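S.K.: Top to bottom, those sequences are chains S and D.
Under the working numbering, the first residue of the first sequence carries the number 407, and numbering increases by one thereafter.
Under the working numbering, the first residue of the second sequence carries the number 11, and numbering increases by one thereafter.
Rather than coming from a laboratory, the hints here were simulated on the basis of the structure.
Mixed in with the good hints, there may be bad ones.
[Said to hold, decoys possible] Computed footprint of chain D on chain S; a stretch qualifies when at least three of its residues, placed anywhere within it, have a C-beta under 8 Å from a C-beta of chain D: (1) 482-496; (2) 502-516; (3) 523-529.
[Said to hold, decoys possible] With beta-carbon atoms standing in for the labels, derived distance ranges: (4) Ile395/D x Pro436/S: 53 to 59 Å; (5) Gln420/S x Leu156/D: 58 to 64 Å; (6) Gly105/D x Tyr500/S: 33 to 39 Å.
[What the hints assert, rightly or not] Negatives, chain S to chain D, calculated, CB over 10 Å: (7) Gln420; (8) Ile460; (9) Leu519; (10) Arg537; (11) Ala576; (12) Lys579; (13) Ala649; (14) Leu658.
Every value quoted in this text rests on a predicted model; they were computed, and no experiment measured them.
Cβ coordinates follow ideal geometry from the N, Cα and C atoms, glycine included.
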Amino acid sequence: MSRPLLCVRDLAIQFGGVRAVDGATFDVMPGEVFTIIGPNGAGKSTIFNLVSRIYDATAGTIVFDGHDITRMPVHRIAAQGIARTFQNNELFEYATVLQNLLVGRHRHRRTGLLAHVLFTPGARREEEHHRRKVEEVIDFLDLQHYRDQSIAGLPYGVRKKVELGRALAAEPKLLLLDEPSSGLNVEETEEMSFWISDIKKLLGITVVMIEHDMSLVNDVSDRVLALNYGKVIAVGTPSEVQAHPEVVRAYLGSEDTA
Amino acid sequence: MRFLLRTSYGQDIRLFPFGGAPALWTGLALWAAIVGGLNVASLPLVREGWLALAAGYALVFGLVLSRWGGAAFWYGLLGVAVIVAPMLVGTYFVGQLTFVFVYAIAGVGLVILLGLAGQISLGHAAFFACGAYVAAILNAEGWDILVSLPAAVLVSAVLGVVIGLPALRMTGIYLGFATYAFAFIVEEILARWDSVTNGTLGIAVGSPVLGYESWGWQAVLETEVELYFLALALFVGTLVVGLNVQRSPTGRAMMAIRDSETAAASMGVNLAVTKTTAFALSAAMAGLAGALYGHVLHFISPEQFTILLSINLLVMMIVGGLGAMHGAVFGAVFLVMMPQAISALKGAMPPAEGLPEVLAFLVSLPSAPGFEAGIYGLIIILFIIFEPMGLHGLWLKVKTWFRLFPLYKKGMFKRQKSYMASERNR
Numbered sequence: 407m408s409r410p411l412l413c414v415r416d417l418a419i420q421f422g423g424v425r426a427v428d429g430a431t432f433d434v435m436p437g438e439v440f441t442i443i444g445p446n447g448a449g450k451s452t453i454f455n456l457v458s459r460i461y462d463a464t465a466g467t468i469v470f471d472g473h474d475i476t477r478m479p480v481h482r483i484a485a486q487g488i489a490r491t492f493q494n495n496e497l498f499e500y501a502t503v504l505q506n507l508l509v510g511r512h513r514h515r516r517t518g519l520l521a522h523v524l525f526t527p528g529a530r531r532e533e534e535h536h537r538r539k540v541e542e543v544i545d546f547l548d549l550q551h552y553r554d555q556s557i558a559g560l561p562y563g564v565r566k567k568v569e570l571g572r573a574l575a576a577e578p579k580l581l582l583l584d585e586p587s588s589g590l591n592v593e594e595t596e597e598m599s600f601w602i603s604d605i606k607k608l609l610g611i612t613v614v615m616i617e618h619d620m621s622l623v624n625d626v627s628d629r630v631l632a633l634n635y636g637k638v639i640a641v642g643t644p645s646e647v648q649a650h651p652e653v654v655r656a657y658l659g660s661e662d663t664a
Numbered sequence: 011m012r013f014l015l016r017t018s019y020g021q022d023i024r025l026f027p028f029g030g031a032p033a034l035w036t037g038l039a040l041w042a043a044i045v046g047g048l049n050v051a052s053l054p055l056v057r058e059g060w061l062a063l064a065a066g067y068a069l070v071f072g073l074v075l076s077r078w079g080g081a082a083f084w085y086g087l088l089g090v091a092v093i094v095a096p097m098l099v100g101t102y103f104v105g106q107l108t109f110v111f112v113y114a115i116a117g118v119g120l121v122i123l124l125g126l127a128g129q130i131s132l133g134h135a136a137f138f139a140c141g142a143y144v145a146a147i148l149n150a151e152g153w154d155i156l157v158s159l160p161a162a163v164l165v166s167a168v169l170g171v172v173i174g175l176p177a178l179r180m181t182g183i184y185l186g187f188a189t190y191a192f193a194f195i196v197e198e199i200l201a202r203w204d205s206v207t208n209g210t211l212g213i214a215v216g217s218p219v220l221g222y223e224s225w226g227w228q229a230v231l232e233t234e235v236e237l238y239f240l241a242l243a244l245f246v247g248t249l250v251v252g253l254n255v256q257r258s259p260t261g262r263a264m265m266a267i268r269d270s271e272t273a274a275a276s277m278g279v280n281l282a283v284t285k286t287t288a289f290a291l292s293a294a295m296a297g298l299a300g301a302l303y304g305h306v307l308h309f310i311s312p313e314q315f316t317i318l319l320s321i322n323l324l325v326m327m328i329v330g331g332l333g334a335m336h337g338a339v340f341g342a343v344f345l346v347m348m349p350q351a352i353s354a355l356k357g358a359m360p361p362a363e364g365l366p367e368v369l370a371f372l373v374s375l376p377s378a379p380g381f382e383a384g385i386y387g388l389i390i391i392l393f394i395i396f397e398p399m400g401l402h403g404l405w406l407k408v409k410t411w412f413r414l415f416p417l418y419k420k421g422m423f424k425r426q427k428s429y430m431a432s433e434r435n436r
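Looking at chain S on its own, in the form it has when it is part of the complex (with noise of 0.2 Å):
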């Protein structure tokens, strides 16, 4: 097996006296899809925003791509080559879907300050070719009808989408979805499953998920890790994780509680 593209070591994080990750140690390997589950509160967003450096980890260690990102600022992990969406859209209200995705390709300028304030023919060129690879996100999520609108106006699908366009503009490694299929109607769910497939198959991206929809966890997961009370249960195929006796009982609760 090829060396894995993301290592978490016995990741804790503590709020309080609640220990939200509790020694979460798992490992993705590159291109394929991996899904979180668990029950509410079981922690699965919380690993996001570890992994994604919003979070201070009270203890453990991620690994990204062979670099320690454990203590890295939260700005520069967009650089190491990790997009988030997020579960309840964190979109740029007031501004365009063109300017959104823009934001996403920020990862990649060169040009500085100086450059931009005088528009220079370097940044200009640099703009046009921001541009370019924006318009390929665009084509990939068929998103040319609501270019130029404005994020506030538009409905919760395509916001949805815009999101996920945001991450991919930024042409990352590994992409962390938020659930991805919250908030949508079937055809939008199934529409993302072959929009997901399509990011590990064309773009070879790596895809962690956090997804509540089985079905959608079952046509695109690789891998699924169930998690409980911040700990992990169980990691393994997706019919596997969901036979697992710890799984069913965190879902279902166990007989003698029921």
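Model the placement of chain D on the given structure of chain S, informed by the hints.
M.R.: Just chain D, lined up with the frame of chain S:
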């Protein structure tokens, strides 16, 4: 869906997206050459002559430009209008227009800080003062504007970085107070550092000078018209810088931290650097405006740069509109016109004697102390309730109304409420 009409990706980032920019610049250069040529040939033109020349030129200019693009033509016409204006109106009005440019320069900085980066500052009077004092002192030491203005801008920018530091940890009203506290310190320093600033007595500011006697070439910009063109040139420069920031990755990063700091950081935007940059740029522009302000008024003292100035600048932006650079100009026009309008109102009131009590009270109201501040407050409240995008928003609506003329529908401009925005991570 790959066949959508598309020209070039560079189109979006042009200052005039639909072309016409080269023609605009050639047109303006041609105009400058004509005016310059007339001056060199010392042909004295009367007011009617200037009007005829401007009209003829606008006609030719329009014919050429209307083939290439809409916006560029109208901005070109506006350009010609502001160049001709001093020849057509009296010196008093020229002075007022100069102040419009002065405030608009500071306004462009505020569009960047408030509109783009979403950071509030109640300390802009400090940058204004800093620019004014640095320029005045260097002017008194015999330096020309090629030294004194960049120095004023630079010192203000550094001060902006310092005052911007609390922005790294605070937001909203707390940031407002922190910046106010800094501005208060600056005001106090100006009032007490007698040896340099002459304390509360203030200092007289000389006319801006270009060049040195030792070079054998020196121009002293004394008259209203010369100051007007200096302010105009600096305003256009500031505007171009502002627009460049707006269309570049730096501006987008600012917009990103305004709307969601978490998402911005996750996309690789360095929050500390971006906020500091916004403060520095905004302070630099306020400093430039302050430097000009001193030169135009010929006198500065600490009491001109109190919290009232900071608040006036904010009022200007709220009334003008924060969404675009246009707002800075609209707001500046408002800020310059408002005191005139109020004093006109005072003059228009009949004497209070012999009137019934209620009427007498109403008539005496405009001359009551604090009336001006009250009117400003009222205007802010009305704008926030009815037109949050300011005069610029109003202008956009008027434009849309005319474009759609018979098809205008009543509810078209109703604001839509959105219940989905997550305020959690702001």
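S.K.: Going by Cβ atoms, does Ile460/S stay more than 10 Å from chain D at every point?
M.R.: At roughly 6 Å from the nearest Cβ of chain D, Ile460/S sits no farther out than 10 Å, so the non-interface label is violated.
S.K.: Does Ala649/S sit more than 10 Å from chain D, CB to CB?
M.R.: 35 Å, holds
S.K.: Taking 10 Å as the cut and beta carbons as the points, is Leu658/S off the interface with chain D?
M.R.: Leu658/S clear of chain D: closest Cβ-Cβ about 30 Å, beyond 10 Å.
S.K.: Closest CB-CB distance from Leu519/S to chain D, is it above 10 Å?
M.R.: The claim is violated: Leu519/S sits with its nearest Cβ about 6 Å from chain D, within 10 Å.
S.K.: Quick check: the segment 482-496 of chain S, covered by chain D? Criterion 3+ residues, Cβ under 8 Å.
M.R.: Contact hint for the segment 482-496 of chain S vs chain D: holds, 10 residues under 8 Å.
S.K.: Would the non-interface assignment of Arg537/S survive a Cβ cutoff of 10 Å against chain D?
M.R.: 4 Å, violated
S.K.: Would you check whether the claim that Lys579/S is not at the interface survives, using Cβ distances to chain D and the 10 Å cut-off?
M.R.: Non-interface label stands for Lys579/S: nearest chain D Cβ at 14 Å, farther than 10 Å.
S.K.: Mind checking the hinted window 33 to 39 Å against the Cβ distance between Gly105/D and Tyr500/S?
M.R.: 37 Å, holds
S.K.: Mind checking, does the segment 523-529 of chain S have 3 or more residues with a CB under 8 Å from chain D?
M.R.: holds (count 4)
S.K.: Has the hinted range 53 to 59 Å been met by the Cβ atoms of Ile395/D and Pro436/S?
M.R.: 55 Å, holds
S.K.: Just to make sure I understand the rule, a stretch counts as covered if three or more of its residues have a C-beta closer than 8 Å to a C-beta of the chain. Does the segment 502-516 of chain S meet that for chain D?
M.R.: n = 9 at 8 Å, threshold three: holds.
S.K.: Measuring Cβ to Cβ, find out whether Ala576/S lies farther than 10 Å from everything in chain D.
M.R.: 7 Å, violated
In summary, the numbered hints that this structure violates are 8, 9, 10, 11.
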